[in-house]
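> One-letter residues, chain by chain:
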Amino acid sequence: LDAIAEIIERTRKAKEAWREQERKRPFEEKLRVLQEFMAASYSKKPDAGLGGKKAVLKGRAPR
Amino acid sequence: LKRRRIINDWAIYGSVGYIYYEEVVQTRDIDIFVEVRAASEREDYGKVLREFKRYGPMVGDAAMFQVGSILIQVFPSTGYPLWEDAVANAVKARVECEQVKVVSKEHLIVLALIRFDPAKDVPRIGQLYKSADRAALDDVLRRFDKDGTLTVRLARVTEWLGRDS
Numbered sequence: 011l012d013a014i015a016e017i018i019e020r021t022r023k024a025k026e027a028w029r030e031q032e033r034k035r036p037f038e039e040k041l042r043v044l045q046e047f048m049a050a051s052y053s054k055k056p057d058a059g060l061g062g063k064k065a066v067l068k069g070r071a072p073r
Numbered sequence: 008l009k010r011r012r013i014i015n016d017w018a019i020y021g022s023v024g025y026i027y028y029e030e031v032v033q034t035r036d037i038d039i040f041v042e043v044r045a046a047s048e049r050e051d052y053g054k055v056l057r058e059f060k061r062y063g064p065m066v067g068d069a070a071m072f073q074v075g076s077i078l079i080q081v082f083p084s085t086g087y088p089l090w091e092d093a094v095a096n097a098v099k100a101r102v103e104c105e106q107v108k109v110v111s112k113e114h115l116i117v118l119a120l121i122r123f124d125p126a127k128d129v130p131r132i133g134q135l136y137k138s139a140d141r142a143a144l145d146d147v148l149r150r151f152d153k154d155g156t157l158t159v160r161l162a163r164v165t166e167w168l169g170r171d172s
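As you go down the protein sequences, you meet chains Y and R in turn. So the first sequence is numbered by the numbering used here: it starts at 11 and just counts up by one. So the second sequence is numbered by the numbering used here: it starts at 8 and just counts up by one.
Hints may be right or wrong, so weigh each one.
Pairwise CB distance ranges (calculated) [what the hints assert, rightly or not]: (1) Y:Lys23 to R:Val159: 20 to 26 Å; (2) R:Thr165 to Y:Glu16: 39 to 45 Å; (3) R:Ala69 to Y:Thr21: 46 to 52 Å; (4) Y:Arg22 to R:Glu50: 33 to 39 Å; (5) Y:Gln45 to R:Asp146: 47 to 53 Å; (6) R:Arg122 to Y:Lys34: 25 to 31 Å; (7) R:Trp167 to Y:Trp28: 43 to 49 Å; (8) R:Glu50 to Y:Gln45: 28 to 34 Å.
Computed footprint of chain Y on chain R; a stretch qualifies when at least three of its residues, placed anywhere within it, have a C-beta under 8 Å from a C-beta of chain Y [to be verified]: (9) 83–94; (10) 127–135.
Simulated pairs of lysine to any residue, SDA-like, Cα-Cα distance not exceeding 20 Å [as the list claims (entries may be wrong)]: (11) R:Lys137 to R:Leu148; (12) Y:Lys25 to R:Glu103; (13) Y:Lys40 to R:Glu29; (14) Y:Lys40 to R:Leu148; (15) Y:Lys40 to R:Glu103; (16) Y:Lys34 to R:Val102; (17) R:Lys127 to Y:Glu26.
It is worth saying that the hints were derived from the structure and are not from the lab. Every residue, glycine too, gets a C-beta built ideally from N, C-alpha and C.
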């Protein structure tokens, strides 16, 4: 159990360090990542979990 | 639109607002509050929507536009005191050579407390709260949380945060 607790604690610290780094990233850089992500999501199937991006590209209402 | 006096002001909120302060998260669209002139609110909002249509098609009937590969939801803040306050107190940010405005961290928390989606809003409130200005947050809650619901919700989140750390 101690070993598991240590792994959880290390993961938490790593996540916090990553978040801290992300906080400092310039907004425009974050937006670029988001834009790439959005563009990639749109090419997925409508039922890929992001609410019908194909429908969106065809001008229909997303689900 | 602001330069052409079609809108008074505007600000980003929602997930992209969160991204400004924290990490990149999955989102469907960019949410924008627009403040139109109060005298003819409906007419002005219609004018804003017509302007947006020039940049891309309207998707569905929720004032959402597809501009390139990005969906943008345009919401009028005029006439809604909390949203008006969020736009008035938004912070200035820079994206390349453009200046944009993002709703303050404290307003983002309050807006997320209203929806309080367990999967989306609760973890974000937790993250934003860690570095929020507590006095400013209390001030927003004091002015807009009339029945205390949002304060109770925030207390639940901070209690969970306490358990996590």
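> None of the hints should be skipped; say for each whether it holds.
Hints, one by one, checked against the model:
About 31 Å separates the C-beta atoms of Lys23 (chain Y) and Val159 (chain R), a value inconsistent with the hinted range of 20 to 26 Å. In this structure the hint that Thr165 (chain R) and Glu16 (chain Y) lie 39 to 45 Å apart at CB is violated, the actual value being about 26 Å. Separated by about 38 Å at the C-beta atoms, Ala69 (chain R) and Thr21 (chain Y) break the suggested range of 46 to 52 Å. Between Arg22 (chain Y) and Glu50 (chain R) the Cβ separation comes to about 52 Å, which falls outside the hinted range of 33 to 39 Å.
The supplied range of 47 to 53 Å is broken by Gln45 (chain Y) and Asp146 (chain R), whose beta-carbon atoms lie about 34 Å from each other. Checked against the hint of 25 to 31 Å, the pair Arg122 (chain R) and Lys34 (chain Y) passes, with Cβ atoms roughly 28 Å apart. The hint said 43 to 49 Å for the Cβ distance between Trp167 (chain R) and Trp28 (chain Y), and at roughly 21 Å that hint is violated. Taking 28 to 34 Å as the suggested C-beta distance range, the pair Glu50 (chain R) and Gln45 (chain Y) conforms, at roughly 33 Å.
Check on the segment 83–94 of chain R: 0 of its residues sit with their Cβ under 8 Å from a Cβ of chain Y, so the three-residue criterion for coverage is violated. A stretch counts as covered by a chain when three or more of its residues have a beta carbon under 8 Å from one of that chain; for the segment 127–135 of chain R and chain Y the count is 1, and the coverage is violated. The hinted pair formed by Lys137 (chain R) and Leu148 (chain R) meets the criterion: a straight-line CA distance of about 17 Å does not exceed 20 Å. Using a Cα cut-off of 20 Å, the hinted pair Lys25 (chain Y) and Glu103 (chain R) is violated, with the two alpha carbons roughly 29 Å apart.
Annotation: proposed proximity of Lys40 (chain Y) to Glu29 (chain R) holds, straight-line Cα distance about 10 Å (limit 20 Å). A distance of roughly 29 Å separates the Cα atoms of Lys40 (chain Y) and Leu148 (chain R); the hinted pair therefore is violated under the 20 Å criterion. For the hint linking Lys40 (chain Y) to Glu103 (chain R), the alpha-carbon distance of about 12 Å falls within 20 Å, and the restraint holds. Of the supplied pair hints, the one linking Lys34 (chain Y) and Val102 (chain R) holds, its CA atoms being roughly 15 Å apart against a limit of 20 Å.
Only pairs whose Cα atoms come within 20 Å are accepted, and Lys127 (chain R) paired with Glu26 (chain Y) is accepted, the gap being roughly 18 Å.
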